[in-house]
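Asker: Once you have looked at the hints, place chain B on chain A.
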Amino acid sequence: RKEVEQDPGPFNVPEGATVAFNCTYSNSASQSFFWYRQDCRKEPKLLMSVYSSGNEDGRFTAQLNRASQYISLLIRDSKLSDSATYLCVVNVGTNAGKSTFGDGTTLTVKP
Amino acid sequence: GAVVSQHPSRVICKSGTSVKIECRSLDFQATTMFWYRQFPKQSLMLMATSNEGSKATYEQGVEKDKFLINHASLTLSTLTVTSAHPEDSSFYICSARALTGELFFGEGSRLTVL
Chain A
1 RKEVEQDPGP FNVPEGATVA FNCTYSNSAS QSFFWYRQDC RKEPKLLMSV
51 YSSGNEDGRF TAQLNRASQY ISLLIRDSKL SDSATYLCVV NVGTNAGKST
101 FGDGTTLTVK P
Chain B
1001 GAVVSQHPSR VICKSGTSVK IECRSLDFQA TTMFWYRQFP KQSLMLMATS
1051 NEGSKATYEQ GVEKDKFLIN HASLTLSTLT VTSAHPEDSS FYICSARALT
1101 GELFFGEGSR LTVL
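Sequence order for the protein chains is A and B.
Numbering follows my numbering, in which position 65 of the first sequence is assigned residue number 65; successive positions increment by one, without gaps.
Numbering follows my numbering, in which position 75 of the second sequence is assigned residue number 1075; successive positions increment by one, without gaps.
Hints in this document: simulated from the structure, not taken from any laboratory.
Among the clues, some could well be false.
Claimed, not checked - Label pairs and their computed distance ranges (CB to CB):
1) B:P1086 x A:A17: 26 to 34 Å
2) B:S1009 x A:E56: 33 to 41 Å
3) B:K1066 x A:T108: 19 to 27 Å
What the hints assert, rightly or not - Some chain A residues judged to face chain B by a derived CB distance under 10 Å, without partners named:
4) P8
5) F33
6) Y36
7) C40
8) E43
9) K45
10) S68
11) Y70
12) L74
13) R76
14) K79
15) T85
16) N91
17) F101
18) G102
What the hints assert, rightly or not - Taking lysine-lysine and the DSS-like style, the derived pairs with C-alpha atoms no more than 27 Å apart in a straight line are:
19) B:K1014 x B:K1064
20) A:K2 x B:K1014
21) B:K1020 x A:K2
22) B:K1020 x B:K1064
23) B:K1014 x A:K45
24) A:K42 x A:K2
25) B:K1020 x B:K1055
26) B:K1066 x B:K1020
27) A:K110 x B:K1064
28) B:K1055 x A:K98
29) A:K45 x A:K79
30) A:K42 x B:K1064
31) A:K98 x A:K45
32) A:K42 x B:K1041
33) A:K98 x A:K42
34) A:K110 x B:K1014
35) A:K42 x B:K1014
36) B:K1020 x A:K98
37) A:K98 x B:K1014
38) B:K1055 x A:K79
39) B:K1041 x A:K79
40) A:K42 x A:K79
Idealized CB from N, CA, C, for every residue including glycine.
The shape of chain A in the complex, shown without the other chains (with noise of 0.2 Å):
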């Protein structure tokens, strides 16, 4: 079993629909979590961290279930700009601790 898992999508949404994505982890000893954003053939960006409470940024919004260990990000009112492959990462540890991939979620927004 992968330590962060993603389904790999594809997703396929009409524009101004709501999507949401779940990344699962193994380890419980993991402490922080993000997501990220890639576009093809450029490098991941930070989307939004994942705070223990929740938080929002906008359209999105991420979330964190450490009692079932994984985290989700929700996309609401897609645009076609959204079409993006998007990544969880899992840190365990502090600074020197070990940061973890999912292999990434494909979105894909149409008009």
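Answerer: Just chain B now, with coordinates in the frame of chain A:
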């Protein structure tokens, strides 16, 4: 936000030559940097973890003598692909981890070995 600079962005070389890629954190110190490889339409593959002042930790299946990593300072890590062959052609990306735990990525280096 934090910036990580990677150079060169594109390199074409002949088979058998060595290529060095630099990764610099421009506005923060990074004790840990990571090197990845990504083939078209595939996910990022972690190659190694680079720790300042110590030897890199390589992932299983990655040849440490072929992919030399040096992390001589808190702001610079280098990856050298030695005796490159066409199958080494790929998109190589580095990232640096800030104290907050976030990873900041370089722009990537596209290597083509002829």
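Asker: For each hint, tell me whether it holds in the structure or not.
Answerer: Here is how each hint holds up against the structure:
no.	hint	result
1	B:P1086 x A:A17: 26 to 34 Å	violated, 42 Å
2	B:S1009 x A:E56: 33 to 41 Å	holds, 35 Å
3	B:K1066 x A:T108: 19 to 27 Å	violated, 36 Å
4	P8	holds, 8 Å
5	F33	holds, 9 Å
6	Y36	holds, 8 Å
7	C40	holds, 9 Å
8	E43	holds, 4 Å
9	K45	holds, 7 Å
10	S68	violated, 21 Å
11	Y70	violated, 18 Å
12	L74	violated, 20 Å
13	R76	violated, 24 Å
14	K79	violated, 22 Å
15	T85	holds, 8 Å
16	N91	holds, 5 Å
17	F101	holds, 6 Å
18	G102	holds, 8 Å
19	B:K1014 x B:K1064	holds, 21 Å
20	A:K2 x B:K1014	violated, 37 Å
21	B:K1020 x A:K2	violated, 31 Å
22	B:K1020 x B:K1064	holds, 14 Å
23	B:K1014 x A:K45	violated, 32 Å
24	A:K42 x A:K2	holds, 25 Å
25	B:K1020 x B:K1055	holds, 17 Å
26	B:K1066 x B:K1020	holds, 12 Å
27	A:K110 x B:K1064	violated, 43 Å
28	B:K1055 x A:K98	holds, 16 Å
29	A:K45 x A:K79	holds, 18 Å
30	A:K42 x B:K1064	holds, 26 Å
31	A:K98 x A:K45	holds, 19 Å
32	A:K42 x B:K1041	holds, 12 Å
33	A:K98 x A:K42	holds, 23 Å
34	A:K110 x B:K1014	violated, 42 Å
35	A:K42 x B:K1014	holds, 24 Å
36	B:K1020 x A:K98	holds, 25 Å
37	A:K98 x B:K1014	violated, 35 Å
38	B:K1055 x A:K79	violated, 44 Å
39	B:K1041 x A:K79	holds, 22 Å
40	A:K42 x A:K79	holds, 19 Å
The structure fails hints 1, 3, 10, 11, 12, 13, 14, 20, 21, 23, 27, 34, 37 and 38 (numbered hints given earlier, in ascending order).
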